[in-house]
Amino acid sequence: MSSSNKPSWVHAAVLGIFCLGFGAMLALTNELTSDEIKARRIEDKQNSLAQVIPAAIHDNNPVTDVVTLVNDEGKDITVYRATMGGKVSGVAYEITGSGYAGEIKLMIGVAADGQVLGVRAIAHKETPGLGDKINVEKTDWITRFTGLSLGNPPVDKWKVKKDGGVFDQFSGATITPRGVVLAIRKGLEFFDAHKAQMLEIR
Amino acid sequence: MKLFPVRGGIHPDYRKDATSEKPIVALPMPAVLHILLQQHIGASAEAVVSEGQHVKKGELLGRAQGAVSAPVHAPTSGLIKAVTRCPAPHPSGLDQLTVVLEPDGKDEWGDLLPPIKDPFAATTDEIALRVAACGIVGLGGATFPSSVKLNLGKIHKLEMLLLNGAECEPYLTCDDRVMREFADEVVDGARIMAHALGTPKIVIGIESNKPAAIKAMTAAAEKVTGVVVAPVPVQYPMGSERHLVQAITGRETPIRKLTADIGVVVHNVATARAIHHAVRFGRPLINRVVTVGGGAVAEGKNIEAPIGADVQDLIRFCGGLRESAHRFVNGGPMMGQPLPSLNVPVIKGMSGILALTKKEANEHAPQPCIRCGSCVTTCPCGLVPVEMAAFIRNDKLDMAARSGVQDCFSCGSCSWICPSHIPLVHYFNYAKGALAAQDRDARKIDRTKTLVEARNARLEKVAEAKRAAAAARKAKTATPESDKASA
Amino acid sequence: MILAVGSLAAMGTALGALLGIASRYLAVEENPIELELAALLPGSQCGQCGYVGCAQAAKALAAHEAPVTLCPPGGKAVAEALAKKLGVTADLSEHEEHVPSIAYIDESLCLGCLRCAQECSVDAIVGAAKQMHTVIAEACHGCGKCEPVCNTMAITLKPIPKTVATWYWPKPGGSVH
Amino acid sequence: MTMLPEKSGPFTHAETSVTRTMTLVMAALVPATLFDAWLFGWPAIFLFITTVGSCMALEALCLNLQGKPFDRALSDGSAALTGWLLAMSLPPWAPWWVAFIAAVFAICVAKHIFGGLGQNVFNPAMVGRIAVLVSFPVQLTAFLAPHPLFAAASPGFMESLTITFGHAASLDSVSAASALGFIKTELSRGVPVSESLTKIPDLMDMAMGARAGSFGETSAVLILLGGLFLMAKKIISWHIPVTVMGTLFLMGSLFNAVDPGRFEPGWFHLVSGATFLGAFFIATDYVTSPVSKEGQLVYGFGIGLLTWVIRTFAGYPEGMAFAVLLMNALAPIIDHNIRPRAFGRTRKGEPLAVRGDQ
Amino acid sequence: MRDLILLIVGAALVNNVVLARFLGLCSFMGVTTKIDTAVGMGMATTFVITVSSMGDWAIERFLLMPFDLGYLRTVTFILVIAAAVQFTEMVIRKVSPALFQTLGIYLPLITTNCAVLGVALLLVEGKMNFIQSTVFAFASSLGYSLVMAIFAGLRERIALADVPRLFAGPPVGFVTASLLAMAFMGFSGMSAN
Amino acid sequence: MATSYTRIMKDGLWDNNGVFAMLLGMCPTMAMTTSATNGFGMGLATLVVMAASNFLVAAFRNYITTEVRIPVYILIVAAMVTLVDLTMNAWMHELYKVLGLFIPLIVSNCLPLARLEAFAAKEPVLPSFMDGLFMGIGFTLALTVIGACREIVGSGTLFWDAHLLLGPAFQFLETRILPPDTGILVAILPPGGFLATGLLLVVKRMLDLKAGKQIVMAGAHAV
Ligand SMILES: Cc1cc2nc3c(=O)[nH]c(=O)nc-3n(C[C@H](O)[C@H](O)[C@H](O)COP(=O)(O)O)c2cc1C
Ligand SMILES: Cc1cc2nc3c(=O)[nH]c(=O)nc-3n(C[C@H](O)[C@H](O)[C@H](O)COP(=O)(O)O)c2cc1C
Ligand SMILES: Cc1cc2nc3c(=O)[nH]c(=O)nc-3n(C[C@H](O)[C@H](O)[C@H](O)COP(=O)(O)O)c2cc1C
Ligand SMILES: Cc1cc2nc3c(=O)[nH]c(=O)nc-3n(C[C@H](O)[C@H](O)[C@H](O)CO)c2cc1C
Ligand code: SF4
Ligand code: SF4
Ligand code: SF4
Ligand code: SF4
Ligand code: FES
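Sequence order for the protein chains is A, B, C, D, E and F.
For the first sequence, our numbering gives the first residue as 87, with consecutive numbering after it.
For the second sequence, our numbering gives the first residue as 387, with consecutive numbering after it.
For the third sequence, our numbering gives the first residue as 9, with consecutive numbering after it.
For the fourth sequence, our numbering gives the first residue as 191, with consecutive numbering after it.
For the fifth sequence, our numbering gives the first residue as 6, with consecutive numbering after it.
For the sixth sequence, our numbering gives the first residue as 25, with consecutive numbering after it.
One chain only, chain A, in its complex shape (with noise of 0.2 Å):
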């Protein structure tokens, strides 16, 4: 190693030439590889759209046709529209419930009809073993939400078991489930105060 009792310039231009160099290095890198990151980012934005939009009811691709939208806490929502023929066939957008140990972000997605066409949880941090059950590679509670929508169940009904629903709630973790129901009768009333303008064609 270089002994010390140099000038400080000399300091300065070592680690000068090594942030210039490696700078440079990276900036190569992210020009090389930008365009294909972002390219894979829309492949998964597809993916998992796809998830809760089942194929068969577009031939658009949803990634792109977008509408933000504010909801009652004025958050912006981006709403991804599936169409088919030119007409609105279906929508998916987050939504957000709370859990046991924080937000759990949802994905919906809603026929043009209201009826849910799907949910999946996208993050969460839900107790391994316990909350995470909400995940469909565990268990498949989260696809009971298909073809519901508000008037199915009755409204009062969009609930726990155990808070006088029809929804299961996991043995030993009411709190999850709640947020999840909860979650989706909210996501689907947005649908309701919203139907318009995500329907609308521009």
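Note that these hints are calculated values from the structure, not bench results.
From a predicted model like this one, the values you see are computed outputs, not experimental measurements.
All clues given are correct.
From the structure, some residues in chain C lie toward chain B, with a derived Cβ separation under 8 Å: (1) P50; (2) G51; (3) A85; (4) E88; (5) V130; (6) V172; (7) T174; (8) W177; (9) K179; (10) P180.
For glycine and all other residues, C-beta sits at the position ideal for the given N, C-alpha and C.
On the provided structure of chain A, position chains B, C, D, E and F with the ligands as indicated by the hints.
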């Protein structure tokens, strides 16, 4: 009298009844006496007698050396058999320089110092010199030369002389008996001390479990002015001077300071009586009252024994042992030291000889500390024994010092209460000794360093001188050359 | 791209300059630990530690190359002081073996050659030429340097005897505590 | 005759011992334990036996592995007491394996890894309880309404064996939420506290013990009795129990006064959950609490406050065990900083000023 | 105000940097044998985290975001942190040479203390404003200091205990940390409310 | 100095193992070992970065002045991490989706930096590279073992989801050891990470003792 609360402490089983009603009896003169030359705190006395010499009762055997020291005197007349090293009543069992005296049976007094006619007209120095000459040391256990304490009035503004009649140790009743039987002598001694100290007020603190002593002392006190008897609560270690002062005055002695710094001087009641004897009659301290007790002793007694008598003799005088003793203790069971053997002599500071049965000692193998905190609640010094012991056990003496072991005065309350039977005081005694040894070592190293420096300086000077000499020589040899050159 | 590389390089240069200046500015503060350690050692240069003298011993200590128990004359006290200074926990068990001792001169053997007195770094040996020498017990720190130089083997190192004044309770042993 | 002494004084000792201490604490637990055994029936009794048995067996095993004599495990009584308190903090009908795993955490992990009796820094019973609580939330929140022994609805001996040791049928049919759990669940559904309070047993029932809860925690009155007995015997002092319960009560009352819909009242905090058992028997554990009285006040205050915070704001309905563990963790720092004032010194450790009239 | 309090409690206790987020563990295990050292380390780290998070926030806000340079985030943040550490080193050396002697070898380690970079990355993730991010960084590092001190206190106690030889040192340290993490789980769910 | 590759290997894999001997890189060790698969993935990503950065530092070591060495080392690690991140994101996207989460965390893992300081700064290029490689392998093994223990006890499975990381060919690794829903949950929660590491340290000590080695009492941080 208004009393003040004292922190912590314990209420052990006192077991004083066995001896408290036994009047003081004198020990028949034993066949031989072993008088240690150091029976006090400070420098050892220096023997002034030699083998084969005959001495009279009260004659000087060892002269005090230095400011803090005390002389020793012959308890009876007889022949000096030897001045040699003999086992001391010390837990180490190590030898100490001892005068061996064979009584001639005549018990003949030698020339005593003249009585001080009117002690209340004498100066402090006169009284202190007399007390020093008579070899009086604190009989409350600390054996600090009393004369030194009598001079405290010169440098401190004193308000009170406090006589310590607490006798808070279980078993011991010697002070109790002295107060009951010699109340007037005690009060007189106290008044002499107070005069020497220049304090207006004398308070005699007695634990309230000694009603007879309180009564006797009150009666004696009423005969004179300025002496008050204060019954204090029964709470070990009320006899500790700092705590007694706190109970009576409400003042707390700062650490590493004397009670004199807050205006109080404390003396034991038996010390007062010894001073009475020294001043009024010129008698040196040659005997003391010892409580011989404990469940293993056939019949407990309060014995006035000559200094130097064998412990074995005292026990024999009490009818020997009734059952085999588990522990022999010099002093009380709380603060006393174990005796290394029974063939050790009585010394000035020996207030009791206890032969304790296994049941009385109630010893158990130590278990791990369960952090019950009893020791913390109990410690009258506000220390945290559990923490100090843990540090010491793990050889972290410096941490133990920071945690305050050196403030501990080994009262034993913490060990007594510990449900895990951890020998806390033993740990602290070890640590205090080890820290003191470290301190000695450190000082030695410092001294070594100065000595090395001094030597180096000396060598340097010598070398310098040599160089100078060489240079001078060179100059000398060189000059002629230059002279030549110039010539 | 230029911006990325440029800003990164600029940051690097700035930081490098800062560090360079800092090192310059802080370089003056030399670590005085060696001197402090040397100050803790007895300074008798006796060499029992295996180094040429206390200064070398201090250097080795500072470099963590020697154990804090290196100095026998210093004993436990020095070892502990060193351990504290260096912020290490000392294993003092080895020190139990070293019993503090002092030198004794056997009067019958001493020729008064003065060799030992010259060797002693604390001037603990006194005596004039051709006369019996004695050791001042208070000054001797038991380094043993005098022992080998004596031709008549008059000098022995003896453990300092225990007295009632220096005795203290041993550490409680026993099962659990 | 010489007899070199190996031990310094004192040479007398109080009638105290570890075994005596532990035995007295167990004696103090007897009334509440008997009552709860009656209240919850055979399964609770089996659970108790399993827990205490596992703890003692594991203690013996751990000592044996370290080559220490293991008869101590039975004689000092600490393992039995840990097992006892652990059993009292579990739901009465918990299966045997819950008890066993809790005992492993209590005795092996929390106690013996640290060196055994007196060396542990966390309360073993509470470590055991929390370990199974976070591992088996289902079993640990399955409480039941009292099923007194020999009552018609309560399971018989054989049936009880299958509840504890066999594959129990779901407890759903008999399970009942504890009061704390009930209120928390209701609150998360938006039902105000003041309303759900009307649906729990009344104050008297809660205090006497006729409520759902852990095996040993329900009868506040009997636990109080045991606690007073310990105080009378000077095994524990008032400092920890009073500060724990006082703080809990004060926080409860204060916030309840501000918003009765959101916060439970102080009295409710006292009689629900593990307040009494925790305050008298668990927070007072010698080993894991500060040694000085001054420190114990801070410690008790901390437990009360944390229990209230966790009960009120956190995910778990009851916070006593967590609060105890959290304050256990702080105990060394409390001991480090809060100590008695040494005689003759100021709080900071400096010598007092001379002539200071104090 | 309420939000800020929630933010503080959440960052310091509920999602404690060390026990819940698993950041800064090496110093947590390494520098906690003495309370004083642990507190010193905690303070130094608090200082570094707070200062560097301000710098990081500015860089994120004014450089990375506007120019879409997200890929340089790690590199630039690390440079800011290195500078902050160096600065702290200078400060400690000046203010307390004793502290410097004990912390000396750990100071460079703060640079690699994941808590520092971790908190900075969490700030970005949480899209906080300047006040929020500074408060969050400070609270997180307070949480770090708190558990450092607590853990050091526990270890000082354990150092005096009869830990079985096989467990002495780091293993019992890990077990203690485990039980401490268990105790901190009591706070879980607190931010959700 | 003659370089002993055997020594480097032994150090990295066992004697001076990053996790079990030096107690470094603890954060990913705790956070990423909820399953054997996760531990393995994190280990792999770290391995690549360590080998590359050790190589680079050794190559440039003569140009780096003492004063700025830490920032330069960190810069190099950070650059390597970003490079790996970008590259994998673009061209190994499936793998990236699994590992992506871990990658930025490598920067602040103190193990790579410690090796740069302790080894690469002093040794030539090839030994440095090998050191990084074996330290990385040792790290990977440690994380995999811890992950396996926690996974078995906590979830009752082993190498679950391995196919996501390694491809469908490795599905055979996925084993279920206990029936579903019977794990001791605490093992995969934060306390379990500490506990498992502590207990495995003891296991290593027992093995070391058996092999006649001394117990090393302290990690790299102990003075
Ligand atoms: C460690 C732990 C993790 C938990 N995780 C969750 C979870 O992820 N989701 C959940 O709904 N409940 C979880 N719970 C359980 C809740 O505490 C609560 O008991 C439960 O949701 C109430 O449900 P119940 O009414 O069915 O008992 C967890 C409990 C513990 C102890
Ligand atoms: C714990 C403890 C208990 C003591 N108990 C007594 C006692 O009961 N009686 C007594 O005279 N001195 C007792 N002392 C000694 C006193 O503190 C003090 O030294 C003595 O009273 C001074 O008087 P003296 O110099 O005349 O002996 C005790 C000391 C300590 C530390
Ligand atoms: C001493 C003791 C401490 C306890 N600590 C807790 C605790 O910290 N958390 C908890 O959920 N339950 C704890 N419990 C159990 C509760 O008191 C109560 O039984 C339970 O919380 C109620 O169940 P729930 O979770 O359905 O409300 C403890 C029990 C005892 C005896
Ligand atoms: C008053 C008292 C309370 C106790 N509380 C507990 C307790 O809560 N948990 C426990 O495991 N042991 C308890 N013990 C027993 C004992 O202290 C425990 O086994 C030790 O913590 C083990 O080292 C208690 C003991 C006493 C005397
Ligand atoms: S009294 Fe004994 S068991 Fe109790 S804390 Fe003190 S040393 Fe420990
Ligand atoms: S022996 Fe020392 S520590 Fe113990 S109670 Fe007495 S003064 Fe306190
Ligand atoms: S042994 Fe001690 S005194 Fe002798 S030279 Fe070495 S350091 Fe100096
Ligand atoms: S041992 Fe000899 S040389 Fe050393 S100090 Fe003593 S007398 Fe001097
Ligand atoms: S990996 Fe070392 S501090 Fe996080």
